[in-house]
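> With the hints as constraints, model all of the structure from the sequences given.
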Amino acid sequence: MPEHVHGTDAYSADELVSLLGDRLGLVFTERDSHFLGVHHVAAIPGGRVTVQPNAIPGDDGEDDLYAEEHPADWLLLLTTTSVEDAELPARLDSIEGIVRMDGPL
-18 MPEHVHGTDA YSADELVSLL GDRLGLVFTE RDSHFLGVHH VAAIPGGRVT
32 VQPNAIPGDD GEDDLYAEEH PADWLLLLTT TSVEDAELPA RLDSIEGIVR
82 MDGPL
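Under our numbering, read the sequence shown as residues -18 to 86, first letter to last.
Worth flagging that the hints you see were computed from the coordinates, not collected in a lab. Treat the hints with caution; some may be incorrect.
[Said to hold, decoys possible] Here are the in silico distance ranges between beta carbons for each label pair: (1) Glu68 to Gly39: 30 to 38 Å; (2) Glu(-16) to Gly39: 31 to 39 Å; (3) Asp(-10) to Leu17: 14 to 22 Å; (4) Gly42 to Ala71: 37 to 45 Å; (5) Ala71 to Glu43: 24 to 32 Å; (6) Asp40 to Arg4: 32 to 40 Å; (7) Gly78 to Ile25: 29 to 37 Å; (8) Gly18 to Thr61: 27 to 35 Å.
Glycine included, every Cβ here is placed at the ideal spot set by N, Cα and C.
Dropping the structure here:
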């Protein structure tokens, strides 16, 4: 499944979820898991969009980084689809404050 990673330090999780809901018509559900902590998930055709902090709860009481190559204080926006969809990453690229972290900027 193709996955794209965007990130931001310009928005809180709630602000980003609201912005993406308004701009892309997504409906997010807040979830809390031992592995990811509090995160938000929206279904899209053939996949999902996840908003989560890069710093997630570690087993030792210290935060671990979900993606070590990205800043600890950033929110990550992960899109996973069953087929390559160039439109969704392009729409995310057009939103001020969101940076594509897995390809050309």
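> Give a verdict on every hint.
Verification of the supplied hints:
1. Remark: the range hint 30 to 38 Å for Glu68 to Gly39 is upheld by a beta-carbon distance near 36 Å.
2. Range check, Glu(-16) to Gly39: about 23 Å between beta-carbon atoms, so the 31 to 39 Å window is missed.
3. Taking the beta carbon of each, Asp(-10) and Leu17 are about 19 Å apart, inside 14 to 22 Å as hinted.
4. A beta carbon spacing of about 40 Å between Gly42 and Ala71 agrees with the range 37 to 45 Å that was offered as a hint.
5. Between Ala71 and Glu43 the beta carbons are some 37 Å apart, a value that contradicts the proposed interval 24 to 32 Å.
6. As the Cβ distance of Asp40 to Arg4 is approximately 36 Å, the hint placing it in 32 to 40 Å holds.
7. Separation of Gly78 from Ile25 is about 21 Å and departs from the stated range, judged on CB atoms against 29 to 37 Å.
8. Gly18 and Thr61 have their C-beta atoms about 18 Å apart, which leaves the hinted 27 to 35 Å range violated.
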